[in-house]
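Just so you know, the protein sequences line up as chains W and F, in that order.
Here our numbering is used: the first residue of the first sequence is 142, the next is one more, and so on.
Here our numbering is used: the first residue of the second sequence is 14, the next is one more, and so on.
Just to be clear, a hint being listed does not mean it is correct.
Stated by the list, open to error - Think about it this way: if two alpha-carbon atoms lie no more than 35 Å apart in a straight line, the pair counts; the simulated DSBU-like pairs of lysine-lysine are:
| id | chain 1 | residue 1 | chain 2 | residue 2 |
| --- | --- | --- | --- | --- |
| 1 | F | Lys-162 | F | Lys-59 |
| 2 | W | Lys-258 | F | Lys-97 |
| 3 | W | Lys-389 | W | Lys-320 |
| 4 | W | Lys-179 | F | Lys-71 |
| 5 | F | Lys-97 | W | Lys-147 |
| 6 | F | Lys-97 | F | Lys-59 |
| 7 | F | Lys-162 | W | Lys-320 |
| 8 | W | Lys-180 | F | Lys-71 |
As the list claims (entries may be wrong) - Facing chain W, according to a computed beta carbon distance under 10 Å, are these residues of chain F, among others:
| id | residue |
| --- | --- |
| 9 | Asp-79 |
| 10 | Asp-132 |
| 11 | Ser-176 |
No lab work stands behind these hints, which were simulated from the structure alone.
All C-beta atoms, glycine included, are put in the ideal place defined by N, C-alpha and C.
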Amino acid sequence: MSWSHKDLISIADLSGEEITTILDMSTSFKEISRRDIKKVPTLRGKTVVLLFYEASTRTRLSFELAAKRLSADTTALSASGSSFQKGETIMDAALNVMAMAPDCIVIRYPYAGLPRKLALELPCSIINAGDGTHEHPTQALLDMYSMREHFGRLEGLHVAIVGDIAHSRVARSNVYGLKKMGARVTVVGPRTLLPPGVETWGVEVSCEFDPVVNDADVIMMLRVQRERIEEQCFPNEREYAHFFGLNKRRVDMMKPDAIIMHPGPMNRGVEITHDAADGNRSIILNQVENGVAVRMTLLYLSLGGNINVD
Amino acid sequence: MAEIPRGPEEIQALLSTLTEELLATIRSWDAVAFIGIRTGGDLIAKSLVRILEERTGKQIPMGVLDITLYRDDITRRKAYPEVKSTDIPFAVDDKDIILVDDVLYTGRSIRAAIDHIVDLGRPGRIYLLVMFDRGGRELPIQADFTGMKISLPDEQVIKLEPSADKDSIAGVIISEVKR
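Using the sequences and the hints given, assemble the complete structure.
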């Protein structure tokens with residue numbers, strides 16, 4: 142098997158075959174997290190720096206555990222508590238981090254494009270843990286892993302991604318990936334939360350949830366990203382929940398074997414109710430478990446071989 | 014040194030020799046479990062377990078080990094070794110493990126396999142069984158049970174060929190190392 146990427150910035154950079162490789166290998170890595178001794182010596186002596194310039198619970202913890210279970214050393218740095226607050230530019234910060242010789246930098250940043258710039262300028266591996274509204278590739282990979290684990294395939298699945306599509310890097314990464322894997326995608330949301338140019342994504346678009354809910358195999362709910370919204374996009378949360386929330390009535394309309402996903406963090410009562418989030422169709426916590434395995438695979442692929450040899 | 018066996022009958026004869034050696038050495042089969050190293054060792058382990066279950070009348074647990082993540086040359090290789098699954102469906106604690114590999118050469122795979130097994134628990138003891146010992150050790154590791162000692166030039170590799178259903182051994186392949 143060959144892997145020719147130094148970095149993971151975007152699902153758009155990966156071929157369907159490479160995505161399949163990542164998903165296949167993740168099953169082996171998942172087994173490690175179920176052992177009593179959850180550690181293998183594979184990346185001993187490697188250093189992974191987690192630079193998180195934006196809030197994170199799951200992704201940061203998941204990357205940190207993934208690295209530690211492969212025996213890499215990890216250090217995490219967040220915007221608060223770093224010199225970011227003293228006016229240091231992000232490129233200066235990155236060059237300083239690089240001077241301390243990490244093998245991999247996992248970066249989350251509030252604006253699109255920074256991970257790509259770092260990948261071009263720094264010799265170490267860069268893994269994008271979410272850049273603005275651009276991409277969140279590891280989330281899409283763990284989502285695809287979770288769907289494939291449940292259905293045994295991705296090809297031909299109908300995946301509905303519902304909510305704040307405009308500000309969602311998770312939606313973008315999933316759309317790129319799912320299309321490559323032969324799934325059918327419908328994005329659903331109020332017109333004000335669909336991005337300009339969504340027609341060019343090659344997906345179906347709907348501003349109504351009900352006609353989609355009974356046809357999808359996967360319903361992926363997204364949080365309304367208030368921190369990225371500058372204008373009012375809908376009258377109030379109650380109205381949003383009524384038209385675009387996944388509630389008991391809509392769960393009952395779903396296909397018998399359809400599943401519910403959410404990348405987290407959830408705003409219960411807004412885009413999803415307790416019935417939907419905690420019911421037996423929800424695979425939300427499986428997604429979290431799978432996230433560690435998928436990130437172990439990516440760290441292994443990024444750091445495991447000497448790709449600068451030739 | 015004798016000719017290296019190639020066909021299924023000769024392999025079968027080696028398996029019989031190994032079976033007799035195991036039965037002569039191991040007195041109690043209550044705590045015995047086989048672990049085969051992927052890929053090659055698992056085929057031998059499977060074949061031996063079939064024969065030994067019949068001979069001893071006991072159920073003998075068997076697992077498969079993937080040692081990729083325990084290799085000491087991961088960061089020195091150009092191609093990425095594919096990670097496959099370890100599947101040990103029993104607790105290794107206090108078991109008499111018979112670790113099985115097809116070929117014993119530098120000893121590095123066995124070192125990795127032992128490290129892997131001790132991460133899963135604390136076995137009572139670990140025996141090493143190999144079908145071929147080709148010398149050339151780089152670590153102080155020796156087999157307890159050896160099918161046959163062979164001699165091969167460094168640039169050749171020897172591998173077991175699985176049958177079509179991947180359930181038994183069809184033969185032996187000797188090929189040149191790709192440089």
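(message) Let me make sure I understand: some of the numbered hints might not hold for this structure. Which ones are they, in numerical order?
(response) Numbers 7 and 11, in rising order.
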